[in-house]
Amino acid sequence: MPTPFRSGLRLLGARAATPYLLLGYGAFLVLLAVWSLRTPPATVGAIARLAPFGLIYAVAAAHLVACLILSWPALRQRISLAVPAGESGVPIDLRAHELAAAAGRARLRLRWTESERAGVLSRHRFAPLGTVVSHGALLLLPLALAASRATRFRGDAWIVEGHAFGGTRDEYVHVEPGGDFAARAPDVRFQVEAVEAKFWGRRLFFTDLRALVVPPGGRSAWMTLAQPLRLGGARVSIHGFNVTPSFELVRADGVLLESGDLNLRLFPPGAEDSFRLPPLPHRFWVRLRDADGGYAMTRPRLHVAVTMGKQLVAHGWRAPGEPIAFDGFRLTLPAVRRGGEIMVHRDLGYPLAWLALALLLAGAATRILLPSVRVWVRFEGGVAHAIVREDAFFGDPATILGRLAPPRRP
Amino acid sequence: MTPERIAVAALAALLASAAGLPRAPRLTRVATAASTLALALLLGLRWWRIGHGPVFGTFETSLAATLVLCASAPPLARRAGAAHARVAAGLAAVTLAHALTLRSEPTPVTISEQSLWIDLHAALAWIAWAAYLHGAALAFREGAAQALAVRALGLGFVAHGALGAVGAYYASILFATPWQWDPVQILGLLAWILIGVALHFRLFHGVSPRRQRWFIALGVAVFVLGAKAMPYLPAGQTFHVFELGAMAPEPGGNP
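Top to bottom, those sequences are chains A and B.
The first sequence runs 1 to 410 under the numbering used here.
The second sequence runs 411 to 665 under the numbering used here.
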C-alpha cells in the first residue's frame with residue numbers, strides 16, 4: 001500500500017476519533033431535539049438534511065470504512081487459534097488428564113492440538129466479528145436510502161363501501177413523490193365490501209377500524225391500520241374513517257331527476273361538506289350526527305342546508321330518506337355509506353434497511369453479550385502453562401484461570 | 411384514589427423505606443421481592459380486567475418497567491453488593507411515584523397499537539429501562555460491579571437498539587416512514603449514541619465505567635427523559651402520545 005494512502009487511511013480511521021465523532025453527532029441531535037419540541041417533524045427533518053449536517057454523515061461514513069479496513073488484521077488475530085508467538089504463558093496447577101473436565105467447568109470448548117501435550121480452549125471465538133457485522137451494516141443504510149428514493153410510492157385515497165378502487169391518479173388525493181406516477185404506482189385495485197369502525201364509548205377514540213375488500217380474481221380480505229394488505233407489491237392499510245350519503249333529486253311532481261353516491265367528508269360529527277347538482281344554481285351543505293350521541297353512526301341524522309348565492313333557501317335535520325323541499329324540488333339523502341382513507345405504500349429501500357438493522361443488532365448483540373475467550377494450554381515436564389486471551393470488554397484473565405484450575409483442597 | 415393507585419403508592423413507600431435503610435439489607439431484599447410480586451399481581455389483575463397487556467399508556471408501562479427493574483435487582487445485588495439493592499429500590503420507588511402522577515384509567519388499545527410489534531416494542535423498552543438504570547447505578551460502584559455495569563449497559567444498548575428498530579419497522583407500517591424526527595425518537599437516538607460512546611470508550615480505550623460514570627448517567631438520563639417526558643410534550647408534538655378521547659369534545663346533543 002502506498003505510504004500517503006496508508007497515512008491518510010490511518011488519519012481517517014483513527015480510533016481515538018470515534019467517540020468524538022459520535023459526540024459531535026450527539027450535539028447535532030441535541031439541537032434537533034430542542035427544535036423538535038416546538039417545530040413540526042417535517043421542519044426538523046428539513047433542518048437535519050441541510051448540507052452542513054450531511055458533512056457529519058460523510059465524515060462518519062469515511063471514518064467507519066477506514067476503521068473497518070484498519071482493524072481487519074487485528075481482528076483476524078483475535079479469532080485465530082494459532083498459539084501467540086513469543087509467549088510462554090503462566091504456570092497453572094493442572095494435569096493433562098484434567099483438562100477436559102476443567103474445560104467443562106469453565107464452559108470452554110477443548111481441542112487437542114498435540115496429543116496430550118497441548119490444547120486450545122475457546123468460547124464465542126467468532127464473537128469479535130460482530131464488530132465488523134454491526135458496523136458494516138451501517139454502510140447498507142445509504143444504499144437503502146438510495147433505493148428508497150428511486151422506488152418510493154405513497155398514495156392516499158378515500159374509499160366508500162360498495163364502490164371500486166381502481167388505483168388511478170385521479171382517485172388519489174395525495175401522492176408522494178409528485179411526479180412519475182405511471183412508473184411508480186403499484187397495481188392496486190379492489191372492490192370495497194364493507195368498512196367498520198368501533199369507538200371507546202362515546203369518545204372519538206377508535207378501538208377498531210377495518211375494511212373488507214376483494215381484489216380482482218382474489219378472495220375477500222380485511223385490512224386494518226396495523227395489518228395492511230399486500231396488493232400489487234404494496235402495503236394497503238386503512239387509516240381514516242368517513243361517512244358519506246347517497247342522494248336523490250326529485251321534481252315537485254315526483255319525477256326523479258338524478259341520483260347517485262356523494263363523496264363528502266362528514267366525519268367526525270360536526271364536519272360540514274357541500275356539493276352541487278348542475279345545472280341547478282343551488283349548493284347543498286351537509287353535516288351529520290349520530291342521534292345516539294356517539295361516533296358509531298348507528299342512528300345518523302343529517303343537517304341539510306340549501307343555499308343559492310348567499311341566500312339560505314331551506315335547511316333542517318333529516319333522517320336518511322326524509323326529503324327536504326326547496327324551490328320546487330325535493331332532495332333526499334336515502335342512505336349513509338361508510339368509507340375510509342387508505343394508504344398505498346411501496347418502498348424497495350425498506351428491505352435493505354431492515355437487513356441493515358438486523359445485522360447491526362445481531363452484530364452488536366454478539367459482540368457485547370457473548371464475550372470471547374481463548375486459552376492455550378501446554379504440558380511440559382509435568383507442568384502446565386496457559387496463555388489467556390479474554391475479551392477485555394468484560395473481565396480479566398484471572399477469572400478464567402481460576403475456573404480452569406481452582407485451588408486444590410488440602 | 412382508586413385501590414390500584416393506593417397499592418402503587420404503598421409499594422413506592424415500601425421501596426423508598428427499603429432504600430433508606432442502609433443497615434437492613436435483608437429488609438431491602440424482602441421489600442424488593444414483595445414489590446416484584448405485588449407489581450406482577452397488580453399488572454396481571456389489570457390485564458385480566460381490561461383485556462390487554464401493559465403495553466398502552468405511560469402508567470401501565472411505568473409499572474411494567476419497574477417490575478423488570480425490581481425483578482432483576484436481586485441477582486445483581488448478590489454479586490455487586492447489598493448497596494446496589496438499595497439503589498435499585500430507590501430508583502423503583504421514584505418510578506412508581508412518577509407513575510402516580512399519570513392517568514391510570516383503564517384504556518382499550520387504540521387501532522394503531524393493536525399489533526404484536528407494539529408488544530415487542532414495549533417489552534424491549536422495559537428491558538432497556540431496567541438494564542440502563544442498573545448499569546448507571548453499578549457504574550458508580552467498584553469491584554465486581556464494574557464488569558456488571560458493562561454487561562448491564564451492553565444489554566440495555568442492544569435492547570434499546572432493538573426497541574428502536576422494531577419501532578422504526580412498525581412506524582413504516584403505520585406512517586409509511588420509519589423516522590419522523592419526533593422528540594421521543596430523537597432523544598432515544600441521542601441516548602443510544604451516548605451509551606454507544608461509553609461502550610466505545612470501554613472497548614477501544616479501556617476506560618472503566620467508574621471513570622465515565624457521570625457520562626453514563628447523562629446517557630441514561632436522556633433515555634429517561636425521552637421515555638418520561640412524553641406526557642408533558644405539547645399536544646400533537648409526538649406520535650407517541652394519544653388523546654384519550656375524554657379530552658376531545660363530546661358530540662353534541664341529539665339534533
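Think of the hints as simulated: they come from the structure by calculation, not from any bench.
Keep in mind the model is a prediction, meaning the values are calculated, not measured.
The reader is advised that the hints may include incorrect statements.
Just a few of them, taken from the derived set where beta-carbon distance is under 7 angstroms, the chain A residues facing chain B [to be verified]:
no., residue
1, Leu21
2, Leu22
3, Leu32
4, Val34
5, Ser36
6, Pro41
7, Val175
8, Gly179
9, Val313
By construction, the Cβ of each residue, glycine as well, lies at the ideal position given by its N, Cα and C atoms.
Hint-by-hint comparison with the structure:
1. Leu21: violated (9 angstroms)
2. Leu22: holds (5 angstroms)
3. Leu32: With Cβ-Cβ at 5 angstroms, under 7 angstroms, it holds.
4. Val34: violated (9 angstroms)
5. Ser36: Holds. Min distance 4 angstroms.
6. Pro41: Check passed: Cβ of proline 41(A) comes within 4 angstroms of chain B, closer than 7 angstroms.
7. Val175: Check failed: Cβ of valine 175(A) comes no nearer than 12 angstroms to chain B, outside 7 angstroms.
8. Gly179: violated (18 angstroms)
9. Val313: With a minimum Cβ separation of about 20 angstroms from chain B (threshold 7 angstroms), the hint on valine 313(A) is violated.
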